[in-house]
Amino acid sequence: MDPRIREHAAVVVDHSIDLSEGDDLVIDAHPVAEDLVVALHELAADRGANPLVVQDRLGERYRRAFLRNREEFETPDHTAALYEAMDKYIAVRGSANVTETSDVDPETTAAYQQAMQPLLSERLSKPWCLTQFPAAANAQLAGMSTEAYEDFVWDAVNKDWDAVREHQSQMVDILDPAQQVRIVSGDTTDVTMSVAGNPTLNDYGEKNLPGGEVFTAPVADSVEGEVLFDKPLYHQGREITDVSLRFEGGEVVAHSAGKNEDLLSEVLSTDEGASRLGELGIGMNRDIDRFTYNMLFDEKMGDTVHMAVGRAYEDTVGEENEQNESAVHVDMIVDMSEDSFIEVDGERVQEDGTFVFEE
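The numbering of the sequence shown is the working numbering, which starts it at 5 and goes up by one.
Just so you know, the hints here were simulated from the structure itself, not pulled from any lab data. Treat the numbers as computed from the prediction; the structure is a model and nothing was measured. Don't take each hint at face value.
[Unchecked claim] DSS-like mimics (lysine-lysine), calculated; alpha carbons at most 27 Å apart, straight line:
#1 Lys235 with Lys211
#2 Lys163 with Lys211
#3 Lys263 with Lys235
#4 Lys130 with Lys211
#5 Lys163 with Lys130
Build out the structure end to end from the sequences listed, making use of the hints.
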């Protein structure tokens with residue numbers, strides 16, 4: 005086994021979820037990630053934890069077979085019971101075919117996601133970590149050799165996360181007490197939103213591995229303006245390009261896409277919360293230096309901002325503000341490296357990708 009796999013497993017177990025004796029651990033992983041799953045089992049045994057592997061959300065062939073042959077769904081009680089009983093949860097991304105579910109009807113996927121919403125809520129209520137195994141199919145999607153992609157993934161994952169936390173805390177200190185944020189990029193993006201009362205979180209590789217962003221939630225009904233997401237979005241096995249959203253009163257009132265606009269429309273119509281923003285994130289990880297069609301990495305790239313339609317994370321919503329609820333959480337990226345700025349309460353805190361504390 006590549007020694008970097010065991011190092012990856014140790015970061016997940018010790019840094020991300022702090023696996024302890026007696027913990028009932030669920031690992032959700034595709035078979036291509038078998039080596040990482042083995043390494044996680046080794047560490048679970050050493051820590052005195054109890055691991056169980058499932059292949060639910062990430063088993064594309066299984067999910068395709070199920071979704072292609074059913075139209076109505078309900079929350080499965082036995083799966084709900086598993087997530088209620090577990091103490092901690094690890095999801096390992098990795099694919100044998102990244103387009104396996106591309107021929108599943110978007111309406112069917114939306115109905116399935118709505119039925120699974122209670123399971124998502126239960127998983128997010130426990131200590132959890134989402135990470136990536138460098139599978140060949142993901143390397144192919146990124147336009148990289150398998151070896152180069154392995155280097156890319158493990159360089160991004162196996163690092164000094166305490167140093168990352170310290171660097172990113174400078175942006176948290178700016179955003180956490182803020183009232184309003186404005187994002188401008190060229191003549192295609194100019195959007196404002198209130199973040200008043202909503203905490204800003206520092207993602208240094210705990211829940212998402214790799215980490216490398218700070219993020220919060222917009223206040224409901226506060227988002228105004230237009231955004232062009234100039235990086236592609238890979239969703240449900242299909243590419244959506246040049247997504248443009250116009251917000252009024254916090255809601256998407258107009259949208260378009262250069263490719264697969266019908267899929268974008270289905271996402272936005274999933275439920276009432278799907279047409280509102282649930283997250284504003286600022287990418288700060290400059291070790292992730294290329295776009296790979298993998299949002300777990302792409303949203304962390306330095307010189308980017310991402311916004312997610314749909315569900316807001318509970319920890320990013322203040323007690324006096326309303327959490328946006330949805331069965332979806334779909335991130336989209338704006339390149340902020342040129343002709344752009346981030347303004348917080350009227351002060352520019354980033355211009356053309358450079359933060360004020362980096363000058």
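Hints and how they fare:
{"no.": "1", "hint": "Lys235 with Lys211", "in the structure": "holds, 24 Å"}
{"no.": "2", "hint": "Lys163 with Lys211", "in the structure": "holds, 15 Å"}
{"no.": "3", "hint": "Lys263 with Lys235", "in the structure": "holds, 12 Å"}
{"no.": "4", "hint": "Lys130 with Lys211", "in the structure": "holds, 10 Å"}
{"no.": "5", "hint": "Lys163 with Lys130", "in the structure": "holds, 25 Å"}
No hint from the list above goes unmet by this structure.
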